[in-house]
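Q: Residues per chain, in single letters:
2 protein chains.
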Amino acid sequence: METKSPEKTAITPTRQHDYPEWYQQVVRAAELAENSVVRGCMVIRPWGYGIWERMQRELDQRIKATGHENAYFPLFIPLSFLEKEATHVDGFAKECAVVTHHRLELKDGKLIPAGALEEPVIVRPTSETIIGESFSRWVNSYRDLPLLINQWANVVRWEMRTRLFLRTTEFLWQEGHTVHANEAEAREETLKMLNVYSEFMHNVLAMPVFIGDKPVHERFPGAVDTYCCEAMMQDRKALQAGTSHYLGQNFAKASNIKFTDEAGALQFAHTTSWGVSTRLVGGVVMTHADDDGMRLPPRLAPQHLVVLPVIPNPDVAGRVLEFANGLASDLRGVRFGDEPLAVRVDSRDKRGGEKNWEWIKKGIPLRVEVGPRDIDRGEVVLYRRDRPHKEKIVLARADLAARVPQILQEIQDGMLVAAKAFRDQHMIDSVQSYEDLKALFTPKNRDKPEIHGGFVRAKWSEDPQSVSLLEDLKLSVRCIPFEQSGRIGKCVLTGKPATRDVIIAKAY
Amino acid sequence: METKSPEKTAITPTRQHDYPEWYQQVVRAAELAENSVVRGCMVIRPWGYGIWERMQRELDQRIKATGHENAYFPLFIPLSFLEKEATHVDGFAKECAVVTHHRLELKDGKLIPAGALEEPVIVRPTSETIIGESFSRWVNSYRDLPLLINQWANVVRWEMRTRLFLRTTEFLWQEGHTVHANEAEAREETLKMLNVYSEFMHNVLAMPVFIGDKPVHERFPGAVDTYCCEAMMQDRKALQAGTSHYLGQNFAKASNIKFTDEAGALQFAHTTSWGVSTRLVGGVVMTHADDDGMRLPPRLAPQHLVVLPVIPNPDVAGRVLEFANGLASDLRGVRFGDEPLAVRVDSRDKRGGEKNWEWIKKGIPLRVEVGPRDIDRGEVVLYRRDRPHKEKIVLARADLAARVPQILQEIQDGMLVAAKAFRDQHMIDSVQSYEDLKALFTPKNRDKPEIHGGFVRAKWSEDPQSVSLLEDLKLSVRCIPFEQSGRIGKCVLTGKPATRDVIIAKAY
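Protein sequence lines, in the order shown, are assigned to chains A and B. Once you know that position 102 of the first sequence is 140 in the numbering used here, the rest is easy, because the numbers rise by one and skip nothing. Once you know that position 265 of the second sequence is 303 in the numbering used here, the rest is easy, because the numbers rise by one and skip nothing.
Think of the hints as simulated: they come from the structure by calculation, not from any bench. Treat the hints with care, as some may be off.
One copy or any two copies: either way a pair holds, since identical chains are not told apart in the list.
As the list claims (entries may be wrong) - In silico DSS-like cross-links for lysine-lysine, where the CA-CA straight-line distance does not exceed 25 Å:
| hint | residue 1 | residue 2 |
| --- | --- | --- |
| 1 | LYS132 | LYS148 |
| 2 | LYS145 | LYS132 |
| 3 | LYS102 | LYS388 |
| 4 | LYS148 | LYS122 |
If we strip away everything but chain A, and leave its shape as in the complex, we get (with noise of 0.2 Å):
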């Protein structure tokens, strides 16, 4: 099973046979997450965690940058707060946990619930209104604007068909909640952390995104205007990556945030929020991983380089032991960005080609060997997981320090191009009916599709026609870039007269 000869893959099925499958497979694999027992709940693995852990490390820098402080806010919402906001009510009621009990009690050898609670409560599945209600009594004056609130957080919405990390019932995120005295700071907030989600997506994670507006019926419920960042995957559907909301007044007026201005006058404020989720890990597997297993761009990779002894004999294993654990000693010296260098010496009791592919699967960036003949030679191998697997780097160990971060950031860059050369493939700009859009998104093979359709750059009228025409292919407009041609066109959907340049595509 695990040593593979060139033609077969660690993962079965492969992306083109069964792409879905391919998911799981690769987020079981890598050991990044697991179905629980509890439905729709995702335990995150160790692995999966450090990359969520790295993602919150460097968006967490960058959220504090930009001015904002961390915070934390109740789990639970009463059930008054949520009626505040008609709209929200809508987005939210049909997917939330409820408790209704305060303890348990035994009857009959079962436990059943007791202590009915008079106002049930639900699990926070955002937190405008329970944050709003703090700011309320935050917010005085113009002086105490702008308030810039983030916080990390659990959230539920019950959902009915989960996928690890895409959608799952529990999920990790961060939102950001703000309080502006105007529209326009509030946008300009609003824009800000789009860019900062932005630019983090390109630098860390390597997977580019197109940034924004969504259609007004895709918008957060409540919110005035959604921004997007919104990527490809590898099967060419988009993955809503990051979101960010300008608000407007409405949870103001809903949570009873005002502020005296500088004339005196009491008025509602403006607000923001925007969030990214444990989704992005989906997202990067999506982005990354391939026929073998995940990859991992090394900005994001929980540790960049492991050290594999080579022991064909026992008698040298303390003399390879002791060198490999030096080597790592001195790479942890280095600093890749940052942050040092995250080395491990993998002296498990296990086969070498066991542990190898463990690694390979798991997306390390970089793994050496250390045998007898290497140290003897003053030399390590060192291997790439963005080269093919049997093709060495032999460095001369005293080269390896300075070399490591020069190499990491090489691959961190190809990853990036290689995404984005992927996505210009798969950029549709040739579609001009309803028609061919249909055939696009119409597998040739019913009984086994392959991975087709794209992302389609087309002009679109926004009528609500063209919307039910977009539901009928189950499409959908994932944003309305903010580089516009300004050229009138037509509808690919209507034929109508059109002026905005849209992105068309199937989404997760």
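Position chain B relative to chain A; hints supplied.
A: Coordinates of chain B only, in the frame set by chain A:
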């Protein structure tokens, strides 16, 4: 209100006057947390959350340095899981949030729970059972052991009486969960993590703790042995600051965590769990705060130093702010321990005296004033939170960067020394009988009780009668310290022969 005469205190009432109310007022004045509209749940404000983030960072490093990895498990636990460990059910069934429905419906304009779950789930009060489910699949062979996992999470225990940080319905914590091949290794882990906690509490929180066993009746529900860190608060009551449990094979049997040993036999594993929570923030308040508000040990402070520009007239504003920002920028390049100095310039449009008192109440270790005359002289004026508020330290601007880390370390050390001295002062070795004990813990004036009592070091016989006598006095055996005299003596409660030295106190 804000500019105090020397006799007045920033916090009303003082500790001596009304300790519980003083605590609430410090938490409020320092903007650490506030009660939310959800019964028993708190809002952790940015300054309080910043303290928790510092705790997380310091502890997380220590947890990882001892070989543990972070992971994340579901928020929800099926009722059937709780039923698996009988003692565990008894411990948590009375105070848990029960989710019974998964959506809401509008009926007569009100939202009501809908979509009843087949099996209700509870919000985790602790995660032994749900994590055990994963461990039962992850552990197969002795080669998989030890399994060393930690989780940072929120947990819910539906408490009837709550107090910010010290006892809240929802709180944040870390919970370590480990699996070992035998009792010796599991016990070693349990004690190792207790020592990690103790070292962290001494060196970061400047909070001295006793470590030792809990008596049998105070063990964690389902544990074979519970070890604890106990700290003395300024009202001389005890705070359980952290616990570490050797769970024997109880949870391994409940969750079916088995492994094949080296001889090929199938065995139940031995597990441990250990945790500290946001309760520690309350512990730090009650260890270090004074009648003017919070005092933060520098290693725990979200900000080490605030620069307060003094602007006697608008003409000099530009010059003073430029100097202040330059100073802050220089200081941010200096390290305190492993971290860069966290420095803020408070240029808010508020009166200087008001800002100064805000920072005193927040407990920032150092305040630096810079005005035009200081700039002319090339000097800055430094104030330490651990010294009288008006005590100036005049330093040459050029010396500041070198002096600040030294002074911070002095403050850190001084706070630990002071907390130890306070504790030593209220250790009582002279109690010989139940009557002595009763007298010691009975306030002299019932109408206006003063702070009284302390930590009584005495012999204890462990019999049930002694436990109920303690309960009558609302006291408890806080811990059986590892340091034991070994001598036989008389139980302070029953007069019976007793060998164990214990610490008896009133507790939070």
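Q: Take the hints in turn and mark each one as holding or not.
A: Now the hints, each set against the structure:
1. LYS132 <-> LYS148: between (29 Å within a copy, 14 Å between copies)
2. LYS145 <-> LYS132: between (31 Å within a copy, 14 Å between copies)
3. LYS102 <-> LYS388: Result: close only across copies, 23 Å inter versus 43 Å intra.
4. LYS148 <-> LYS122: Cα proximity of LYS148 and LYS122: across copies only (11 Å, versus 38 Å in one copy).
In summary, this structure violates none of the numbered hints.
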